[in-house]
Amino acid sequence: MFGYIRPLKGELKVREFERFKACYCGLCHALGKNYGLSARFILNFELVFLAMLIWDENDTPVIKRGRCIASPCRKKRFCTGNSALDTAAGYSVILSWWKIKDAIADEKFIKTIPHRAAAVLLCRAYKKAASDFPEFNSKVSAQLKSLAEYESSGGESFDSAADKFARILSSVLPEDMPESHRRPLAELLYHTGRWIYLVDAYDDYSDDVESGRYNALLRRFPPEDGKFPKSGVKSLESTLIHSNNLISAAFELMPQNPWTQTVENTIYLGMPDALERVLNGTWLHTKRSQIATDKE
Amino acid sequence: MNDPYSVLGVSSNATEDEVKKAYRELARKYHPDNYQDNPLSDLAQEKMKEINEAYNLILKTRENPGGGSYRGRAGPGSNAAGATPESARVRTAINSGDLRLAEELLAAFPSRNAEWNFLMGSVAYRKGWLDDAARYFQTAVNMDPHNAEYVQAMNLMQQGGQGYGPFGGSGPFGGSGRTMHGEGCDACDICSALLCMNFCCCR
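First to last, the sequence lines map onto chains A and B.
In this text, residue positions in the first sequence follow this note's numbering: the first is 957, and each later residue adds one.
In this text, residue positions in the second sequence follow this note's numbering: the first is 1028, and each later residue adds one.
Keep in mind the hints are simulated off the structure, nothing from the lab.
Treat the hints loosely; a few may be bogus.
Each computed BS3-like pair below joins lysine-lysine, with the alpha-carbon atoms no more than 25 Å apart [stated by the list, open to error]: (1) B/K1048 - A/K969; (2) B/K1154 - A/K1190; (3) A/K1095 - B/K1048; (4) A/K989 - A/K977; (5) B/K1056 - A/K969; (6) A/K969 - A/K989.
Just some of the chain A residues that point at chain B, by a computed CB distance under 8 Å [claimed, not checked]: (7) T1195; (8) I1197; (9) L1202; (10) A1205.
Cβ coordinates follow ideal geometry from the N, Cα and C atoms, glycine included.
Please put together the full structure from these sequences, using the hints given.
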């Protein structure tokens, strides 16, 4: 969906990287198995991250080898048969569905044709996912609705806007998860949501100014020559680093699981790297949109 | 209690230096400074307590009674000298995690003074609304530039919070891009210095 939350590859051990790829492929397989071929195109890094976070500490990843549509000739290793992957797959479908719906509501008809096509393709998958995870589905639609209301009310606080987005994931953790796991995870997911929302808002800032779309940062940091004001970068950066620090503080209180090292890398290295590159403009916009369309 | 060695993540035949090193690393990780005003600070305290107990137990069983336990200072938000009863009630509400009550009390606060702004900032911080918090703290400092508590809160926001970093500074990953800790690692240096002092002079 966004692609900002990923480990810094160069700092992973080779076996950790191999396993991370297997988890990524595993989520794709889970999407295909549970929700059909069209659902495989919504695969994204954020939900792989979620799968690693909700993974049960006692479940060793089971890795198989097989062909798939993305790699029909060479067999690839993928994780399989884990409830974390199934949950992440269901959540992916639901999130993508509402994201598409949101885009259709926001844009002029002519620009929404690709989204409408995607909605048609994803419709069956969505219906199944919504019946698998009804609570998550109603939460997402309610939070996005309250976000849209806040956006149209024109409030100044971007925290208030980010809050609606950040709550989507943090408030739907399973009831049976022990308190000592659920609380840090909820905090971690809240600030991850806040971070993603604001990084994405910064990344889209110039485009949004040009097209007159809503952007959460616009009121707090009014544009200079259609661009994000240089004077605002420092404030935005420190508030995002702060969220990142709160994410790591929460992460350190979570029980260890098979993905702890990869998650640690993502939080301590991957996210600061992504932030730095987004802020200095070297986050490849073209590459990013390519990744995004590959996955959606 | 769990096996003290597994709490510190060392084997039972680790040398004293290894035990100390593991203890110090964990104490740095769960240090109260990293969880100031954090909604999870109680969990971090428990963890810190567990680590201290494990460390002391190991030292005791090794018949080395020079153990040090780190006692963190109370986080901010406890009563400051000269606080009004209204402000004391808000502080109690924030500390007990009842943010809704704190917000109600703040709405009925007698004046929109520096203290009000500071407390509004504290509530926003607890909610994770960091930019709002930074702006309230800034206003509080503008209104009362000599209040150390307000200045400390604002500084924390400006440097993007406190962070522990396994990949930071001198570690094997040192120099790989930027660490998340704003300006170098001064706070950590102070902590480790404090810890060392604890080792030397406790009991």
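Cross-check of the supplied hints:
no.: 1; hint: B/K1048 - A/K969; result: holds, 24 Å
no.: 2; hint: B/K1154 - A/K1190; result: holds, 22 Å
no.: 3; hint: A/K1095 - B/K1048; result: violated, 45 Å
no.: 4; hint: A/K989 - A/K977; result: holds, 18 Å
no.: 5; hint: B/K1056 - A/K969; result: holds, 23 Å
no.: 6; hint: A/K969 - A/K989; result: violated, 30 Å
no.: 7; hint: T1195; result: holds, 5 Å
no.: 8; hint: I1197; result: holds, 3 Å
no.: 9; hint: L1202; result: holds, 6 Å
no.: 10; hint: A1205; result: holds, 5 Å
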